[in-house]
Amino acid sequence: MNVLGHIVRFIVSALVLLFVGHIVPGFRVMGFWHAILAAIVITLLGMAMEAIFGRRISPYGRGIIGFICGAVVIYVAQLLVPGMHASILGALLASLVIGIIDLFVPTSLRGSRHEE
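The working numbering puts the first residue of the sequence shown at 82, with every later residue one more than the last.
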């Protein structure tokens, strides 16, 4: 994927985070630049979890473990991103909503995963 593809992916991810922040209680992102930073941090934390625990742990496995790991990543990201807040319930709900949105508006590198 080229640089422009990554930029578009982070912008779409940031917009999804802003949308989720408006509809999920206990989860909020204060602005677009905080959402961009949150998208980058969430991506890096997700990649680190996959590196440590394997792809099976990924939210793209669509299992309960992937869902819980997504919530943990969101919760930890709020500790690293100023302007982002997530309660435990908010992180769980945000993980669920982001997973549902991702079915319709993919924000990941799914295409490259299927090619492996």
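Please keep in mind that the hints were generated in silico from the structure rather than gathered at the bench. Heads up, the beta-carbon is just placed ideally off N, CA and C, and yes, glycines get one too. Please note that a few of the clues may not be correct.
To be verified - DEER-style ranges, computed between Cβ atoms: (1) H166 with V93: 18 to 28 angstroms; (2) N83 with H166: 26 to 36 angstroms; (3) L85 with F113: 17 to 27 angstroms; (4) P163 with F100: 16 to 26 angstroms; (5) P106 with P163: 32 to 42 angstroms.
Consistency of the hints with the structure:
no., hint, verdict
1, H166 with V93: 18 to 28 angstroms, "holds (22 angstroms)"
2, N83 with H166: 26 to 36 angstroms, "holds (34 angstroms)"
3, L85 with F113: 17 to 27 angstroms, "holds (19 angstroms)"
4, P163 with F100: 16 to 26 angstroms, "holds (20 angstroms)"
5, P106 with P163: 32 to 42 angstroms, "violated (21 angstroms)"
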